[in-house]
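Spelled out, the chains give:
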Amino acid sequence: MRYSYYPGCSLEATAKPYDVSVRSVCQALDLELDEVKDWNCCGATSYISIRELTAFAISSRNLALAEKMGNDLVTACPACYTVLNKTNIYMREKEDIRKTVSEALAVANLKYDGTVKVRHLLDIIVNDIGLEKINPKIKQRLDGLKIAPYYGCQISRPHGTFDDPEFPMTMDNLFSSLGAEVVNFPLKAKCCGGMLMTTDPENGLSLIKNLLSCAQDNGAELIVTACPLCEINLEAYQKKVNRKFKTDFFIPAIYFTQLLGVALGLPKEKLAIGKELVSSEKVLDRFYGGKR
Amino acid sequence: MIKTSEKLQETFLEDIYSIPDGEKLKNCIQCGTCSASCPTSHLMDYTPRQVISAFRAGMLDRVLKSNTVWMCASCYYCTVRCPSGIKLTDIMYELKRLGIKYDLYPPQNASPVMAKIFVDTLNRFGRSAEVVLLSLFFLRTKPFKILNFVPMGWKLFQKGRIAVFSKTIEGKDDLIKIIKYIEKKGVA
Amino acid sequence: MSDLKNNTHKIGVYVCDCGSNIAGMVDVPEVVKFASTLPNVAIAREHKYMCSDPGQDTIKKDIKELGLTRVVVSSCSPLMHEPTFRNAVQDAGLNQYLFQMANIREQCSWVTEDRIKATEKAKKLVAAAVERVILHEPLKLKEVAVNPNVLVVGGGIAGIEAALQIANSGKKVYLVEKSPSIGGHMAQLDKTFPTLDCSACILTPKMVQVGRHPNIELMSYSEVTDVSGFVGNFKVKVKKKSKFVEQEKCKACGDCEKECPVERDDEYEMKMKKRKAIYRYFPQAVPNTFLIDKTERPPCKITCPIEQDASGYTALIAQKKYQQAIDLVRKKNPLPIVCSRVCYHPCETACRRGDLDEPISICHLKRFLVDWEMEKPEERYKKPEIKNEREEKVAIIGSGPAGLACAYDLRLLGYQPTIFEELDVVGGMLHTGIPEYRLPKKLLKKEIDRMKDLGIKIKTNTKIGKNFTLGNLKKQGFDAVFIATGAHKGLKMKIPGEELAGVFDGVEFLREVSLGKKMEVGKRVAVIGGGNTAVDVARTVWRLGADEVNIVYRRTIKEMPAAAHEIEETQKEGIKITYLTAPLEIIQKNGKVSGIKCIKMKLGEPDSSGRRRPVPVEGSEHEIKSDMVIAAVSQAPDLSFMDPSLQLKVSKWETLETDPLTMVTNQEGVFAGGDLVTGPATVVEALACGKRAAISIDRYLNNLPLDSKPIIEAGLGRKSKDDIPKIDVKEKYKDKPRKPRMQIPGLSIKERAGNFKEVELSIPEKLALEEASRCLQCGPCVECFECVRVCEAKAVNHSLADQTVELDVGAVVIATGFDTYDPVLAPQYGYKKYDNVLTSMEFERLSHAGGVTGGRILLKNGKEPESVAILHCIGSRDENANEYCSRVCCMYSLKFAHLVKEKTPAKVYELYIDMRSFGKGYEEFYKRLMHEGVLFVRGKGAEITDVVENEEEKGKLIVKCEDTLLGFVRRIPVDMVILSTGLQPQKDVAEVTRLFTIQRSRDGFFLEKHPKLAPVATATDGVFLAGACQGPKDIPDSVAQGAGAAANVIAMIDKGVVSIEPIVSYIDPEKCAGCKLCLTLCPYNAIEFNQEKKVSQVQEALCKGCGTCVASCPSGVPIQYGFRDEQILAEIEGALESETLAVNK
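Protein chains in written order, with numbering that gives the first Met the number 0: chain S, 0 to 291; chain U, 0 to 187; chain C, 0 to 1144.
Just chain S, same shape as in the assembly:
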């Protein structure tokens, strides 16, 4: 199976490990990813929030580039996923937007006919490949590992194309089929504060604290996310949370591709495991010959 790949800015920086693990896992699952050449920022939340049409325009540039490549466009970043999707829908359905944006693209000798399908990697893995095809490739079952899959917002909201906006299940199903024990995590689709962490840390921290304590109280050893921003917010700010709320959280958060990679028997390096600020060593080493 072949897809066009849109990493997005975060996966080139703070979420580098995400990018690394995405590529390794896809290789292991015989998914061929062709990176969209010279892609630009999707416009993400901050941009779209103050320059909507411009955001649509620059996203359309990416879509236009992807359209030339043919295949579905897959991204691992929910923010990009949402913006690209929204752009795509509006380019198809809203005449006025299509018109202006097409004109803008034309200036750069680009055109977009709205034929690209924008997909999230999780959707590809669970629905295009499917659990029954993944399981035979599993080298290392995750039996006994207690995880809290955390979806955050934009992977299923507003579009909810492949999962439920209120109670998403794809990661739960994926990892429980690999033997992991998915703990009850009612806040799995609640908001981590997003950019609030930078613009209003005081209040941002309390949202994160709620998520962390909910995961911990339900016995999770590990949080698994599919979003760069969620991941950074959940693990990188744990110290701050502990300081502010006199708590003692030490619960690693990694990307779903990293954990899937573990199950596929890939070495730590190929998954960039160990790059997290809250070390996942204690939790994951049992799968690398270490004992619990």
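These are computed hints drawn from the structure, not numbers from a lab.
It cannot be assumed that every hint is accurate.
[To be verified] Derived, one-sided and incomplete: chain U residues facing chain S with beta-carbon distance under 7 Å:
1) C74
2) Y75
3) M151
4) K154
5) K176
6) Y180
[What the hints assert, rightly or not] Quick list of in silico lysine-lysine cross-link-like pairs, BS3-like style, CA-CA up to 25 Å:
7) U:K179 - S:K67
8) U:K183 - S:K110
9) S:K243 - U:K154
10) S:K208 - C:K953
11) C:K729 - S:K132
12) U:K158 - S:K267
13) U:K176 - S:K110
14) S:K98 - U:K183
15) U:K23 - S:K98
16) U:K154 - S:K245
17) U:K23 - S:K93
18) U:K154 - S:K269
19) S:K93 - U:K183
20) U:K176 - S:K36
21) U:K158 - S:K239
22) C:K733 - S:K132
23) S:K281 - U:K158
24) S:K208 - U:K158
25) C:K177 - C:K293
26) S:K269 - U:K158
27) S:K93 - U:K176
28) C:K953 - S:K245
29) U:K154 - S:K281
30) U:K171 - S:K67
Values in this document were obtained by computation on a predicted structure and should not be read as measured data.
Ideal placement from N, C-alpha and C gives every residue a C-beta, glycine not left out.
Use these hints to put chains U and C onto chain S, whose structure you have.
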């Protein structure tokens, strides 16, 4: 004041109605589902629902001067749950745009600055880079605060999770052309 | 055509102001002026209200005085006043169809913003009407007689009201209700708002009236399946689903219910309680009879060749009713001991539990029963009694399972069967084929002794063709013959060396051993073949002390025909199985076997049997050392006995040919079955043959024609997977705890060596009970027939079938009611996730005295709630669900609040968006609840969560909402949440729409003819609506509509005739080519095909004048009165011409 406020009101309404499904705003039954579903409404000066009643009261400028729209974290709960099909998240975006356009936003709140910087960096490089973003951001808002972030930043840097230099894409000129075109059209 | 109309007509044109409705936008005097200039217009007038009596009188007056020949009124929509003006015209002695209406209100003044434009348009419309009306022709209303019987669909309060009113007026009413009782949702309610009187108390009297009303024929548990005909003369097919209880006999004593072992969720109790598989819908049900739930039928039973009641005896075991269980087994199975040991149990393969984890161990449960019986045979074995003795004698040849089964069933019917057996042992293959360690001979003997004890004669050592011939049997006084001599002839391998010493035939070998002959076995024995015989042989040889036993099979284990568990045991016993290997030749050393030359095989394309055909692998020849070779490749019948004089027909497989079900041969009076007919098969299949033959022989001896029907009815027909109702077991039983099947106790391998002790041991009671309780009882009825046993009225009848009746009715009232919104679709409310989140209907049952808590309002943990939140508008006023307001929720929510307050000290919150209390006494009710101290919060509940944020929230459900009057977001901790779920159309609404060719409005409910002026009529004449099927309604409104619909129906019927618009289409038989295209397109099935004339004919009574046939006919034959092409063209012409006129002015 009232007069301008009324004038603004009209421009605002026009603007909102022009965005996709913007007209649905008229269907609001003031049930408060949006506010109750919002992770940050308890931090807002006005609840999301009140934003819409403010529209109807012609007092939108007050809302824009409040922190409300800038507290929106784009979680889209209001949008998926609204019984009247109002895409409130998109409306919040539109209001941020208007706020910036008409210099109607709370001075003490940082988000507008963040948003602007984001746009600038992007226009500069074609891709965003947290370092540039954050440093610029803190320099412009609360320079001393940047220190709180340094330790974490440093750790991230050690883990190779910080790209110090922003990539500049080849097609940058094209991108600028595209952006300029839209700005020129004045519909951004 | 203009010259045609010149001065041939006098047209009156009347333009209406409709107050300011028209005059406000259209310059009426201008239009009148214009009209008077039009050709043939004799007079044009303006009037403020044409529809008023003075308005109508001017028309009448002009017709009389000016001798008008045509009339045009330009006013409102024809929907409003066409009838008014037509009558006026008719009264004045002019045919009412010489009139045309121009709609200058809805289509002009109301929808045009510019006065000039509006006036111009009005002119055009008038001109068009004038041109058209000239070509109108006088038409006559048709009248048809009305059948006075009425069909009411749906037995809720609206249907009940309608039925009673109509019945009281002396008409016959058929009341069809889908569920087992009438009463509908109202029968489930506790109290009713705003009066708070008990719902049942006011409803049940009406239900009882319906039940005993002489004019009402109540058809409960029934559905309308087909509707044809037209107003006044409908033909309706109704399917009455079988209740398996005879209504007139049932005393509703409930004994059956007590005895029934099966529990199911009680739909009436909103699944908060359990009911039995035989049950009564609710205590005051009308009709008050029981019924049996057989929706999904037990696959174990229906796949068994003799339909052994597997699920039945399993359920009885689970209840420790062992005697009933074994009796049930014996009812159909003449050889239960044998089957409990050797059956290949297709029932277990079909068992639905298998889709969940593992099938029930059905066969071994039978084993448990027969062993239990043999502990105390004298008291536990019930010898069947023979009711009426008959002297007819039947000869049965062969004492195998087929012969024994046939003899047994014939004997029970009173006949005198005699079994002729070649050997001196009885049982055929049961004795000579199945080794002792699987079926101990003494057990077989026990079964056979019981047969003898019944009076079945068995003559051993009598070989047919030797001691006697089929031919002379008749002379010996036998009235019928059943031949079941089996398949005892082992087939050869057809390879060199087969004749050598040390090469044996499998069947023969087993026979010798079973007859007690001392058999010498070699050290290294090879068994060729993969069937049960091969396995039996191998295990026997092993027991006889061979050092090494090796089964050689040419396919893989997957293709091996032998039973899976047998293969397993074989391997446990250390017997080697060499797959994908075929013998080429038996090698000898000085005249004795020394080994087999074999070749490796690989699997190729599938053959006719679907198994992949093995093909030799080049150059893979090799030798398998062995000093004894036993061939067990296959068996065939030995037909040497056959008396040529009989000329019995033989198939190309050397088997006897018979009818597959009646088992009769090509010779009258001669029947056959078992392996002789089927080729090597299983015991239970042989039993089925014997039992079929018994039924046929009985018919033969009673001089009845042979017939497969009684055989199929007895459950002995051919079985197919399609007989099993398909269900998603994993989904339906997802909450069922998984549990593996029981482990069968058996001898250890050491204990087995060198002896023939039975390998499997008796099953301990505890184990059997656990296993039996694993049964899903998926039928749900398990058919244990305990209900039949305990019913004194003899009302239960498991063989009652569904029946379809056809009714002739003149009118139909549809009152199919509503469904409620399923909050599972809005997961944020935690319904089904949190125990104490209830829907409104669930709360009704909770608070109802007959409900699960006897009317006490309790949490799942049995405690009283300290606080309750009631959330309005769940699934209503919501684009994500239903957009409309459900009208009843506000009020029943207040009622709930009152009930909670009345029965508990709890705090009650009402979360509302807008409080809608429009009805009589409703606002007062609202006030009353305020006084009762209910805490009203204006804001919709957005989410329910159990994730707490502080101490006081611990253990509570948190309702998140915004108090919109405060502008605060609140987290309200409560113990119980009631979701005021809205009303929506029934699930089958689309089906009903299609059946009665009516329409639905955007909200999905049935569409009334006019929202204000015809709320209970539909676009289909003679079909009326009542109650919530037309839109959400409370009880008073539903009752009012029921009565309203009744009034409509009665008026229609009492008139005796209905007049039918003559604006229908007509097909000229001379021109029709009979292509039938119109038949398929007509939406009202109004066109029939005249077979002798070979043309399509319009049934005018059915035709609605839609014009589809006119438009679709390839040769343009049909015309439509009132809408002929020339009329429409003239109308268009008029509109266009007038344009020029307007411009010229």
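Hint check against the structure, violated hint numbers in rising order: none
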